[in-house]
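Working from the sequences, and respecting the hints, build out all of it.
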Amino acid sequence: MRPLKWERSTGIYLLVFSFFLLVPFFYDNRTILFLMTQIFIFGIFAMSYDLLLGFTGIVSFGHAMFFGIGAYSVSVIIDRNEPTMGYLLLGTIVGIVIAGVVSLLAGLLTLRLKSHFYAMLTLALAGLFLVLAEKWRGVTGGNDGFTMQIPEFFKDRGHLYLTCLVSLIVLFFLVRRFTQSPTGRVVMAIRENEQRVESIGFSIMFYKVAVSVISGIVASIAGVLYILSLRFVDTSVFATDVTLDALLMTIIGGVGTLVGPLIGAGLIEVAHHYLSELASVHWIFERWLILFGIVYILAVIFFPRGIVGSLQYMWAKRSAKKKSSSKEKDLAS
Amino acid sequence: MDLLLSLTVNGLATGMLIFLLAAGLTLIFGLMDVLNFAHGGLFAWGAYSGVWVYDLTGNFFVAIIGAIVTGLLLGLLTEYLIIRPVYGNHVQQILITLGFMIVLSEMLKVVFGPDQKAAQPPAFMDGSFMVGDVILIKYRLFIILVGALVYAITFYILRKTKIGLIVRAGVMDKEMVQSLGINIRLVFMLVFMVGSALAALGGVLLAPYSGVIYAEMGMEFAILAFIVVVIGGMGSFTGSLFAAILVGLAQSFMAYYYSDLSLAVNMLLMVSVLVFRPQGLFTGKG
Chain A
1 MRPLKWERST
11 GIYLLVFSFF
21 LLVPFFYDNR
31 TILFLMTQIF
41 IFGIFAMSYD
51 LLLGFTGIVS
61 FGHAMFFGIG
71 AYSVSVIIDR
81 NEPTMGYLLL
91 GTIVGIVIAG
101 VVSLLAGLLT
111 LRLKSHFYAM
121 LTLALAGLFL
131 VLAEKWRGVT
141 GGNDGFTMQI
151 PEFFKDRGHL
161 YLTCLVSLIV
171 LFFLVRRFTQ
181 SPTGRVVMAI
191 RENEQRVESI
201 GFSIMFYKVA
211 VSVISGIVAS
221 IAGVLYILSL
231 RFVDTSVFAT
241 DVTLDALLMT
251 IIGGVGTLVG
261 PLIGAGLIEV
271 AHHYLSELAS
281 VHWIFERWLI
291 LFGIVYILAV
301 IFFPRGIVGS
311 LQYMWAKRSA
321 KKKSSSKEKD
331 LAS
Chain B
334 MDLLLSLTVN
344 GLATGMLIFL
354 LAAGLTLIFG
364 LMDVLNFAHG
374 GLFAWGAYSG
384 VWVYDLTGNF
394 FVAIIGAIVT
404 GLLLGLLTEY
414 LIIRPVYGNH
424 VQQILITLGF
434 MIVLSEMLKV
444 VFGPDQKAAQ
454 PPAFMDGSFM
464 VGDVILIKYR
474 LFIILVGALV
484 YAITFYILRK
494 TKIGLIVRAG
504 VMDKEMVQSL
514 GINIRLVFML
524 VFMVGSALAA
534 LGGVLLAPYS
544 GVIYAEMGME
554 FAILAFIVVV
564 IGGMGSFTGS
574 LFAAILVGLA
584 QSFMAYYYSD
594 LSLAVNMLLM
604 VSVLVFRPQG
614 LFTGKG
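Chains as they are written, first to last, in my numbering: chain A, 1 to 333; chain B, 334 to 619.
Hints listed in this document are in silico derivations from the structure and should not be mistaken for laboratory results. Values in this document were obtained by computation on a predicted structure and should not be read as measured data. All clues given are correct.
Pairs of lysine to any residue, SDA-like flavour, derived with a Cα cap of 20 Å:
#	chain 1	residue 1	chain 2	residue 2
1	A	Lys114	B	Val504
2	A	Lys135	B	Phe586
3	A	Lys114	B	Tyr420
4	B	Lys442	A	Trp288
5	B	Lys442	A	Ile290
6	A	Lys135	B	Glu549
7	A	Lys114	A	Gln195
Written out as structure tokens, the structure reads:
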């Protein structure tokens with residue numbers, strides 16, 4: 001382990017996070033707190049996606065299944081037993097284990113092959129889980145889903161808000177620590193040039209599978225929190241829309257930046273919230289997915305760095321310019 | 334025995350439908366190295382436009398032509414707008430075509446309405462033959478026939494004609510073919526259009542087979558097509574045919590004996606291929 005280095009960005013993140021920590025103590029608006037909670041949950045989810053797409057260059061089209069696995073594990077276990085903290089913890093652990101095993105298998109099967117295979121297998125697997133949730137009515141309640149009781153502590157929306165935010169902060173710094181660790185550097189090198197990393201002697205397969213598992217586990221935690229905020233589960237947690245949301249958040253926010261997906265999650269969730277209200281104005285807003293799809297396509301072609309990525313690029317270019325101009329001055333004098 | 338035979342015919346017909354979808358996919362992938370996740374969307378558009386034309390004209394063959402024309406036009410549009418900016422970059426291709434898939438299936442709901450639509454086979458193909466005690470449904474035999482025909486024609490064009498030679502040479506060395514005075518970009522665009530037309534043909538043939546069409550069917554069948562392409566070997570045309578028939582038969586028998594597991598059995602086939610023969614049952618182009 002390298003000693004932890006204090007970076008300026010860490011301070012900025014802490015400052016922003018502590019601002020959000022104080023919000024529920026001053027501003028107790030039901031709708032806004034709920035919206036913010038959703039943003040934190042999908043922020044975690046999008047962050048887990050960025051670990052795959054942005055840091056390792058793996059495209060998954062079935063990320064919703066990890067989200068759904070976390071969601072169903074917790075809700076089934078709580079519903080069958082009692083809504084206590086103990087069973088919540090048990091459900092979370094079960095979700096994490098299942099998500100870990102599924103992502104391990106998916107990774108082992110396809111990550112030695114070309115990038116298409118992982119995308120196709122995860123898409124098909126997510127389809128399988130969706131069918132399973134629809135057909136296995138005795139456990140999942142089928143299409144209708146079911147509502148459940150949750151531990152008393154989380155019924156307070158302030159508590160829930162803080163829980164989601166603290167989870168986000170903890171996971172953010174853990175994932176960031178991972179990406180800055182030597183292992184994380186190898187992972188990023190794989191994204192840049194796989195053959196070269198392999199020829200240096202690293203086992204690419206091991207690193208890719210490891211990232212796939214970590215990403216799946218983090219996504220399942222997002223699913224658990226999602227259930228706590230809704231107190232209701234149905235098959236929509238496995239839908240392609242959920243994966244698409246994660247994709248959009250990551251791409252628009254900035255691939256491979258970790259902060260980008262959080263900002264993307266904020267934008268997309270706010271857009272969801274207001275666009276669904278617009279549906280009563282004009283029917284075309286019921287089909288807001290078209291709008292998202294078009295924005296997404298344009299972003300892939302024209303704005304591949306995303307918001308944070310573009311800002312970082314501009315910043316790097318400016319400081320490079322400054323450096324070269326100061327060098328010229330040194331030479332002149 | 335009768336049951337086995339009719340399950341086999343069902344399986345073959347489903348397999349041929351999947352083959353039509355997978356054929357376009359594998360053609361585009363094998364020849365152009367582009368994995369098109371929007372393929373299912375083209376399939377669904379073929380189904381909707383075909384049914385629309387059929388309701389308008391009442392002629393099944395005009396409906397098929399209508400679907401093929403839709404497929405060609407959408408293929409042209411897709412290649413020009415979506416694929417051309419991202420040639421050579423796999424990750425971007427995968428990402429962008431999934432986005433286009435969403436747009437295509439949502440556009441279906443805007444144009445044709447969000448509800449599912451009924452579709453009937455034309456009168457002269459409704460009904461069945463009786464051979465001894467076996468009931469053979471006419472429309473299913475027709476699908477098997479069309480599938481076999483499409484396979485034969487495509488195989489002939491790719492293997493025995495000059496166009497096929499140019500396409501195959503273009504895959505091997507783009508610049509060389511270009512320098513011989515052949516517009517390889519145009520050739521690739523045509524390949525993409527033909528692939529899309531095959532998907533649309535599959536869509537319009539599926540409509541009377543399943544009886545209803547809906548916007549999400551694109552994604553459902555696309556997953557089957559991906560499974561087929563993995564099993565058959567990516568880019569192998571003959572492999573796709575065999576894998577599609579295999580998947581069709583497995584699904585037909587599974588649906589009869591243990592209906593809940595029919596998607597699972599396909600996944601199982603795909604997983605075992607990935608474990609034991611990751612390059613697919615057939616390799617090479619052709």
